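> First to last, the protein sequences are chains F and E.
For the first sequence, position 491 (counting from the first letter as 1) is numbered 525 according to our numbering, and the numbering increases by one without interruption.
For the second sequence, position 369 (counting from the first letter as 1) is numbered 373 according to our numbering, and the numbering increases by one without interruption.
I should point out that these hints are in silico values taken from the structure, not numbers from a laboratory.
Some hints could be false.
Stated by the list, open to error - Not the full set, but computed from the structure, chain F residues with beta-carbon under 7 Å of chain E:
hint : residue
1    : S158
2    : A183
3    : T225
4    : E226
5    : A384
6    : G768
7    : S772
8    : A778
Stated by the list, open to error - Facing chain F, a subset of chain E residues (Cβ under 8 Å, in silico):
hint : residue
9    : V28
10   : L79
11   : D308
12   : G310
13   : S451
14   : F452
Said to hold, decoys possible - Listed next, the stretches of chain E that the computed footprint assigns to chain F, with coverage defined by at least 3 CB atoms under 8 Å from CB atoms of chain F:
hint : segment
15   : 329-341
16   : 455-469
Owing to the predicted nature of the structure, the values given are computational and were not obtained by experimental measurement.
Note that beta-carbon positions come from the ideal geometry of N, C-alpha and C, so glycine has one too.
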Amino acid sequence: MRRFVLLGLFLTACTQDPTLVNPATFERPGAVAFVCFDNTTQGYVPLETCAPPNDDDRYAMTALVTQTASGEVGAIDLLRHRTLDSDVRVPGYTFVRVGEVPSALIVPPDAPNVTYIANYGSRSVQWMDTARFRPDADPMSGVAEGAIALPDGPVAMVSSDAGDALFVALPLAGAVLPIKVLPSGALEQPTEADLVALEVPLLPQPFLAPPTEYGLFCGGIGTRRVGFEQLSFVSEGDEAEPVSLLVVDDELLVADAALPVIHRFSIGADGSLSALEPLPTGAPVRRLAVTPEVPVDVPGMSGLARYLYAIDATDQSVLVMDYTEGSATFGGVIPVHSGTGRNDRLDLDADARSLGVLTPGFPGDACTDYDATQIPTQLRGVFLVVGQTNGRMEIIDILDLDASCRVSTEACETQQTFVSRHSSRIGSTLSNTESFRIAGTPTLTLDGSPGQIGEDGTTSGSLRLSAALETCPSLMAPAGFNICLSTDPYAQVSDTWTATYQDDFLSGGLALFGENAFSVNASDGRFCQRGAIGRDDIRASNLSDIDPEAGYQGDALVITSPPSAGRLESNPECARYVDPEDGRDFGEIRFQIISATNSGLELGAEAVRGFGLRDGTEGDVDYERVFRCYERTHFRYEVQVRQAYLVEGRDAGSDHRVVDTPSGCRINNGPLGQPVVEGNASTYHNRIAQFGRPFINDQVAFTIEAANDLSLTDESILTLSVTGAPVRLGADVGSRGSAARRPALVEQVVYNPVTSKLYALDSNSDGFVEYQLAPLATEFIFE
Amino acid sequence: MRGFGLLVMCAFVACTNEGTEPPVGRLNFPSALAVSGDSLFVASSNFTLRYNAGALHRYDIEVANAQLVEHCGGLSAEERDLCGIVPAEDPQPGVGSPDLNIREVDGLLTSEVLLGSYATGMTVLPSGDGARIYMPVRSDANISFVDVDGNNCLSCGGTGDSCDLATSRHTCTDEFRRGNDETASTLDIAFPADPVGLAAGPATDLGMGLAGNYVITAHRGGRVSLFLEGGTGGIGAPYLVHTLDGFPNELVSVAVDPVTQTAWLPNAFQRVISRVGVAIDDDTSAIDRSYLYNAGQLNLLGVDTGGESIGDTRAIRFDPRPEVRRAYILSRRPRALLSVDVDDSRDSLAVRDIMEVGVGPTRLDVRHFPSADRTLAFVSCFDSRDVYVLDVDQARLVGIVRGMGGAFELTSYSEGTTNYVYVLDFQASAIRVLDLAPMFECLDDTSFGGDVSRECSPQQLGFIGRPRTRQELI
């Protein structure tokens with residue numbers, strides 16, 4: 035639930051106004067390829083030629099960008115930062131017309147005279163003279179242009195490393211199609227026999243690879259990783275749906291948006307494909323990225339590891355797999371973060387939409403001497419960049435070659451530095467004196483009392499925060515007021531936490547009383563997934579005393595709509611639930627939940643209570659009386675925590691470990707579930723604070739005590755604000771400096787290894803944004 | 005979209021024009037349409053108030069389709085862009101481009117009534133032995149309803165015969181407008197101004213034993229109203245039962261979840277989708293005791309709308325397949341069609357896919373085509389003047405139809421092998437008819453070595469009306 039942190043938590047790349055270049059109108063840029071242009075010979079040269087130094091600006095890195103909406107390809111001179119007019123004879127800027135809905139394009143790095151474009155709408159792949167895209171290019175390359183027709187719309191296209199074959203993904207055909215590149219650069223028309231069907235007779239189960247321990251911290255903060263995780267296994271159909279491709283050396287990887295595997299093929303010398311064992315992802319995936327081999331640890335730089343990242347097609351999270359050749363856990367899913375959320379997914383702030391691997395300065399030597407000028411926004415090494423649906427790119431640490439230079443005994447006396455593989459890059463150092471802390475004075479109110487909490491945890495009323503936690507859990511430290519705060523920079527965010535007595539966590543649904551007494555049906559309730567739990571469910575979950583839910587007596591169902599008017603007329607007794615003044619307001623009726631399933635609840639007869647009824651009564655009402663007023667009609671309901679507090683972060687939300695089982699809703703505390711490790715806060719997935727029991731989640735811990743029992747009508751809220759959390763390094767693609775930002779859809783993130791620049795394609799504002807990486811900063815925006 | 009500013013302004017100042025009646029059969033800034041059986045109903049908004057009323061036309065869809073195929077079907081794509089048909093009652097010779105190739109057709113327009121300006125939506129439902137058309141009409145600040153009899157003649161209280169186009173005009177009377185009048189409700193309920201969206205369905209869908217329909221209207225100022233039709237011995241007029249406030253400003257439309265019967269309301273102001281439920285009374289003799297309730301809002305989180313407090317969603321459609329619990333939300337910030345898992349959406353929308361669309365996305369239709377085994381979304385983009393076609397299962401763009409003056413309301417049509425989309429070209433005051441057959445033919449072609457220049461976008465078959473420049477319309 036830490037997905038929706040405030041935008042301000044990002045250290046954005048835009049510290050000053052970038053240059054905005056907008057001479058031409060892009061129309062949904064979707065894919066990009068780079069080509070190097072020689073301004074002297076006016077011809078294209080191998081891509082590496084554009085590597086710095088570029089004396090006298092002889093070579094111009096050029097980006098070719100597909101315009102998905104208009105069926106065109108536009109060109110940008112990245113040396114002069116100019117959008118190029120492909121035909122100066124036509125007034126205005128002209129882009130080159132290609133097929134309908136272009137989905138991919140390739141310019142072979144060493145043979146750049148030909149450009150290949152896959153057209154999803156036209157169901158074709160065409161090849162063109164690359165000179166077409168620059169008005170100043172020599173058109174004498176001698177490339178004949180043409181196209182081949184395909185049996186399905188291609189959604190992705192890659193080239194073999196040798197450049198002698200193209201591979202396209204055909205989702206409806208459930209196949210990959212190799213296309214032979216002829217020596218002339220033309221393509222050979224494939225036939226049906228060339229189709230490589232993606233068939234997996236028996237879907238493999240995912241398995242875990244060991245967690246990564248790479249990280250650098252002042253004095254070390256211990257092992258953050260949690261080694262257990264129940265891996266999901268989700269399939270979106272029976273037939274393959276290839277949606278993206280990646281060539282890694284002599285291997286073709288195919289992301290499948292339907293089957294929970296990544297298909298693998300060995301690419302033969304003639305471009306033919308031989309199937310290899312697929313990688314068991316446990317979920318369909320959409321996009322792929324693979325790192326180069328990186329040292330397992332730094333500064334030792336010993337051993338080599340390789341990682342594969344994939345976007346889960348079902349929830350747009352990002353999983354990480356061991357892709358190290360010869361590894362015993364090759365293809366295993368790596369648990370990559372602790373605390374709230376799935377351990378087998380990157381901890382991101384929003385859904386992922388695109389992936390890329392950055393390798394500025396890699397391979398290269400690791401820094402060895404402390405250098406105070408090395409700042410965390412400087413990127414040298416290997417990093418993952420994730421384009422997100424919130425319009426931002428987030429940088430993930432894999433290998434920071436400069437990390438060693440930012441950590442020294444002396445430096446650590448004043449500031450903290452954090453680097454952790456597969457975790458968001460922390461974009462700043464953290465002062466030892468200004469680290470995580472509680473802002474202002476927390477309050478614990480009761481029925482409107484001010485409730486200011488003293489340093490010793492007491493308030494002026496009957497409630498207090500006790501010192502039941504004699505020592506804070508690991509990765510936490512005392513923050514005063516008998517509150518522990520996380521010291522884990524990857525878990526903690528600046529946030530406001532509230533614990534609200536008997537608050538609701540599920541509302542807005544409609545339910546019906548069942549035919550059996552005390553039962554309620556709500557087919558769309560999804561009670562277990564939403565964390566509802568009954569008294570007997572707790573008892574059946576075999577909890578130990580350290581489990582935070584132990585002793586909890588189950589949630590409460592509250593009816594929040596009045597009986598129908600007809601029922602009121604036929605049964606005057608029902609009027610006690612209706613406001614007589616307007617006939618529409620109502621009192622609340624509350625039941626203890628005895629047991630819960632995903633679609634129904636069993637209610638407790640002995641604990642039925644009502645309060646605040648409009649006739650002035652407060653106290654017991656029996657089930658039968660309520661049933662008679664609501665039977666056979668839908669009613670609105672809420673599910674609330676009962677005789678306890680619901681703990682939520684304003685941005686982090688809340689977490690629970692209730693799961694749906696054949697027996698009903700249960701606490702997922704088995705060894706393959708989410709068991710609690712005493713003292714390890716990252717293992718606590720919890721949102722219920724009971725009186726006298728320590729409340730622990732991965733960010734805060736406290737214990738609420740009451741001198742007297744609270745009544746059903748009491749209102750009590752604990753509020754505390756946490757500040758000082760470090761900021762994550764990223765870039766706001768929608769930023770326009772001091773001008774109003776635009777909503778962005780980060781369609782692609784593309785790294786150019788020749789110039790060490792990062793590019794983002796924003797299909798919403800039709801932007802193409804260039805970033806430098808040392809430090810990360812916006813350079814130009816084309817739109 | 006400057007025109008909409010004028011529209012809004014006029015709605016508030018109750019612009020009226022006592023002058024000229026619109027010519028018979030004249031499309032004048034059409035703004036709402038619906039297909040029902042063999043009828044195509046189109047409402048003209050009279051956007052510039054050139055005339056003293058808007059109009060509702062009934063076209064014979066079989067005549068229209070047959071004439072378009074006969075007259076335009078054999079032409080090239082470029083020629084079809086200039087090819088169309090007009091009702092013989094309103095040929096307008098000399099108007100529009102001289103290159104237009106237009107056939108005058110008898111029997112195309114079969115009925116017409118005059119009503120208030122600025123109809124902004126339309127729903128047709130069976131009613132009694134015929135059908136009833138419901139429209140929010142902003143100039144009148146009410147909903148208008150028009151009955152369709154067994155001969156497909158429109159009727160809304162006027163004295164003339166709406167099917168006698170040559171000799172009489174039929175003008176809707178107050179009895180067929182429901183809003184701030186004492187006949188609409190006896191509950192002392194004030195019908196809010198500016199109704200902008202409407203959803204309707206059989207009252208039985210709500211679990212009521214009524215023979216009539218329910219109507220839910222969204223009002224631009226953040227209110228929602230409920231009408232029910234009751235009465236004995238026949239279907240009564242819609243009766244205003246309840247108005248509920250407290251919703252975001254700039255509500256733009258309303259759609260009802262076919263499973264829960266909860267109404268979803270997009271708005272052009274905040275990043276939330278509001279929801280409204282109908283609490284029904286099981287005593288059908290007392291329909292006024294039913295009411296609306298706020299069923300909770302769904303926050304649009306994790307999608308970049310440009311700011312934490314900003315949002316702009318325009319339309320919602322639920323997947324037409326009963327087994328698929330998805331909603332499609334047309335967003336302008338970002339400009340995309342959002343595919344949402346309905347059952348997973350509790351406090352926030354469970355966005356499954358984001359499909360980019362053109363500039364100024366305005367209206368949405370979603371239809372499943374069993375013969376092609378595809379479910380397609382059609383999105384009109386007013387500012388980029390095109391219609392996007394998206395495969396919602398693959399979450400991919402299938403094609404784009406360009407060349408519209410101002411694509412606005414649209415609806416798809418599937419009958420036998422005929423699969424069309426009717427698009428109101430607001431700026432050109434015409435109905436564009438898009439033929440999906442070339443698209444399906446292209447998509448179904450799984451052979452190798454086909455035509456490499458093919459395009460899988462739908463193609464315009466022709467148009468109904470006489471497309472004109474805006475200057476000619478003012």
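> Hints first: check each against the structure and report whether it holds.
Verification of the supplied hints:
Nearest Cβ of chain E to the Cβ of S158/F: about 5 Å, under the 7 Å cut. The hint holds. The closest approach between the C-beta of A183/F and any C-beta of chain E is roughly 4 Å, which is under the 7 Å cut-off, so the hint is satisfied. With its C-beta approaching chain E no nearer than about 5 Å, T225/F sits inside the 7 Å limit, and its interface hint holds. At a threshold of 7 Å, the smallest CB-CB gap from E226/F to chain E is about 6 Å, leaving the interface hint in force.
Interface hint status for A384/F: upheld, as the beta-carbon distance to the closest one in chain E is roughly 4 Å, under 7 Å. Restraint check, G768/F versus chain E: the minimum CB separation of about 6 Å is within 7 Å; hint holds. A cut of 7 Å between beta carbons decides the hint on S772/F: the least distance to chain E is about 15 Å, and the hint is violated. For A778/F, the shortest C-beta to C-beta distance to chain E is roughly 5 Å, which falls under 7 Å, so the interface hint holds.
Contact between V28/E and chain F, as hinted, is not supported at the beta carbon level, the nearest pair being about 40 Å apart and thus beyond 8 Å. Among the interface hints, the one on L79/E is violated; its C-beta lies about 21 Å from the nearest C-beta in chain F, farther than the 8 Å criterion. Here the hint on D308/E is kept, as its CB sits about 3 Å from the closest CB of chain F, short of 8 Å. Of the supplied interface hints, the one on G310/E holds, with its beta-carbon coming within about 4 Å of a beta-carbon of chain F, less than 8 Å.
Interface hint at S451/E: satisfied, since its Cβ lies 6 Å from the closest Cβ of chain F, which is below the 8 Å cut-off. Because the beta carbon of F452/E sits about 5 Å from the nearest beta carbon in chain F, less than 8 Å, this interface hint is met. Here's how the segment 329-341 of chain E fares: 4 of its residues keep a CB closer than 8 Å to some CB of chain F, so the rule of at least three is met and the hint holds. Residue count for the segment 455-469 of chain E with a Cβ under 8 Å from a Cβ of chain F: 7. That meets the three needed, and the coverage hint holds.
In summary, the numbered hints that this structure violates are 7, 9, 10.
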